[in-house]
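Q: Chains as they are written, first to last, in the working numbering: chain Y, 85 to 292; chain S, 733 to 1305.
Any given hint could be a false lead.
Unchecked claim - Only some residues are given here: those of chain S computed to face chain Y with a beta carbon under 7 Å:
| id | residue |
| --- | --- |
| 1 | Ile914 |
| 2 | Met946 |
| 3 | Phe950 |
| 4 | Ala952 |
| 5 | Ala964 |
| 6 | Asn982 |
| 7 | Val983 |
| 8 | His1113 |
What the hints contain is simulated information worked out from the structure, not anything from laboratory work.
Just so you know, even glycine gets a beta-carbon here, dropped at the ideal spot from N, CA and C.
Listed below, chain by chain, are the residues.
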Amino acid sequence: MTDASMEHIEAHAAHDAHAAAKHEAQRIDNLKFGMWVFLASEVVLFTVLIATFLAWRVVNSELVHEVHEATGIWLVSLNTFLLLASSFAMVMGLREIQKGNRGGLMKWIGLTALLGAVFVGLQAVEYSILASHGVTIYSSEFGMRFYAPTAMHGAHVIVGVIWALYIVNKTRRGSYSSQNYIGIEIFGLYWHFVDVVWIILFTVIYLL
Amino acid sequence: MATVTAPLPGVQSHEENKLRISDYLKWSVDHKIIGVQYMVTSLIFFVIGGALVMLVRWELLTPALDLVQDGTQFNQLFTMHATVMIFLWIIPMFAGFGNYLIPLMLGAKDMAFPWLNALAFWMIPPAGILMLLGYFAGQAEAGWTSYPPLSTLFSPGDGQTMWAIAIHVLGLSSILGALNFIVTIRNMRAEGMGYFQMPLFVWGILATSLIIVMATPFLAGGLTLLILDRVAGTAFFNPAQGGDVLLWQNVFWFYSHPAVYIMVMPGFGILSEVLSAHSRKSIFGYRAIALSSLAIALLGFTVWAHHMFTSLMPSLRIPFMLTSMIIAVPTGIKIFSWIGTIWGGKIRLTSAMLFGLGFLSMFVIGGISGVMVAAVPFDLHVHDTYFVVSHFHFVLYGGSVLAIYAGVYHWYPKITGYMMDERLGKIHFWITYIAFFFTFFPMHMLGMLGMPRRVAVYAPEFQSLNAIVSISAFVLGLSTFIFLYNLVYSLYKKRIAGPNPWRVLTLEWATDSPPPAHNFHGDPVFFKNPYGFGTEAAYRYLEEQEKELGPSYPYTMEPEKRSVVTAPASTGD
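Taking the hints into account, I'd like the entire structure generated from these sequences.
A: Set out below in structure tokens:
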């Protein structure tokens, strides 16, 4: 093979590599931007539910306080802490895979899933305590406005837990690397969003 | 202007790209197949929705009850008519156009998320079927607006719940579709193509998608509460148990007013393409048209309560009246720009152009009656009368549906590779146009005289006008079959279109008809002004095509004069 044809092949390979890199960069940007657009629409969805609560809350302050006294704030504070911790675990997982450590990723994302699952479990405990005080979705004015947004949030947490387990499984089969972790980043965007929604719900429902 | 060096696609054999019908019945991630899937599905629902309204008009031929047993059946008929037409015909039909054309117009290989695209489509047929199956469980009967308590306490049938779930799913589908459009338009434009070099149809879809992403979740939230009210025993919309009926009206219209722009802005986009292409002139006021779409998208969120003038606090009426009237400004900018576009052009009265002009004329009437109902004193008089029915049919049929027809006649050659029959197209246009006018125009008078909407039984003095409306409606319904027949007939007639039968400069015409699997041979080269007819670059480009592909319209329209030169298919790269 002549040098000229070798050069030609190398130039072709460089061109292909360049095109592949460009394609990959576009894929990453598509995914990130797409997730942001999706989260924007999620913000609107939760706005409706939270506004429904708030519009009622401003004129019915005594009823809310009764409920607050019935449940106490310790359980939900613990739960909030757990969810915040899960976001931390999520960030640690991303850090590990950026360093190329798949084992670390699995551990931290596994912990994220576990904390999310415990959060849902404790929320179920709280629901049952409230129900035993007579606050159910169909029997009280507070109840319906409380259960709708928190359950919608809970459903998002459940989706997140399933997603995290899916990532753990994919990692075990060797899917991510220090070069390829966009899947974790996208999940991270979603998980942090779910976390932020909870902070707002916690503030609006329990602290105000 | 960009100098065009792209190889001409050439008229190549049809068999290579030939897709079988079974390819359209399967899961596919190709945006072109998904686009056609959207369109055909929507057309089926169009026929269903049309059949339902034929029954409505049959009932309204006479003042007394004759076709339906009772008011409930009548309520079910118009509820399903409206829901099917809005959520299963106009919105997905435009999504079909968007899917087919956006990647082509941008010079992209596909959408940003092909898999998500397919998912968004495949949510539609099950949701539509679920909604129609409500018939067996007590069909939804609260109107497409589904105001509580009509949709809660007074709708015992499970059909209403199925309706709400179906709309929920359709909403999710359109959010996912819109998200895909936004990302595609932002990231997948051909290298060097700026936002202001995109065809205006892309702008229409962009503005529409922004509205969908920001408004549809409102409906999702509202429907969630409505479904809870119906199945979980909550009372969000029941004042007797601490709820609020106006909450629904606010949430619903906060979505549904922007939704009327979802239903017409892609039509605006189609109109820009069709008017410019068939009058051989550059768009007048490109930026004005592009930016007024965004202005409408934004203003659309500030007007929702004009649907509630009769239920709202009187002090809030005036602000909403003003914002509603302001919407007429960006809309007017578009109308005048389109008139400027065809002004002095070399107009070719193709079927597509006829429907485009039909849109222009009828939409103006709908727009003007829109300003009328935006005025509080007038609205209080005609609220919930046939005047309103007339208004929104002028904008939705005279606007959206005529735009869809224009789009189909314009892009059918691209999608199938065959020309549509122009003679049938013109017959379709004239019957539709005249029957449309006599169906909906007398409704203005009925409304002014005080005939309420959504009634099966009416006062005898309204009979003669209602008879005109009903008979015209039947003609209008039949005229649709000319169109459907033409769609199928042209497919068998096989009058080959070639890559660019209308001689247009936008990118979807710079490839084969139908386009190959990855849309283009090599990298497409675009015009900096996609409507730059008359520039030197465009002249040379079109002259070259004329040489290679044979003469364009009107010769391509007439079979005996058709001369298709089979140029050697270019290899691209």
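Q: Now look at each hint and say whether the structure bears it out.
A: Against the structure, the hints come out as follows:
no.: 1; hint: Ile914; result: holds, 5 Å
no.: 2; hint: Met946; result: holds, 6 Å
no.: 3; hint: Phe950; result: holds, 6 Å
no.: 4; hint: Ala952; result: holds, 5 Å
no.: 5; hint: Ala964; result: holds, 5 Å
no.: 6; hint: Asn982; result: violated, 10 Å
no.: 7; hint: Val983; result: holds, 6 Å
no.: 8; hint: His1113; result: violated, 31 Å
Taken one by one, the earlier hints fail for this structure at numbers 6, 8, listed in ascending order.
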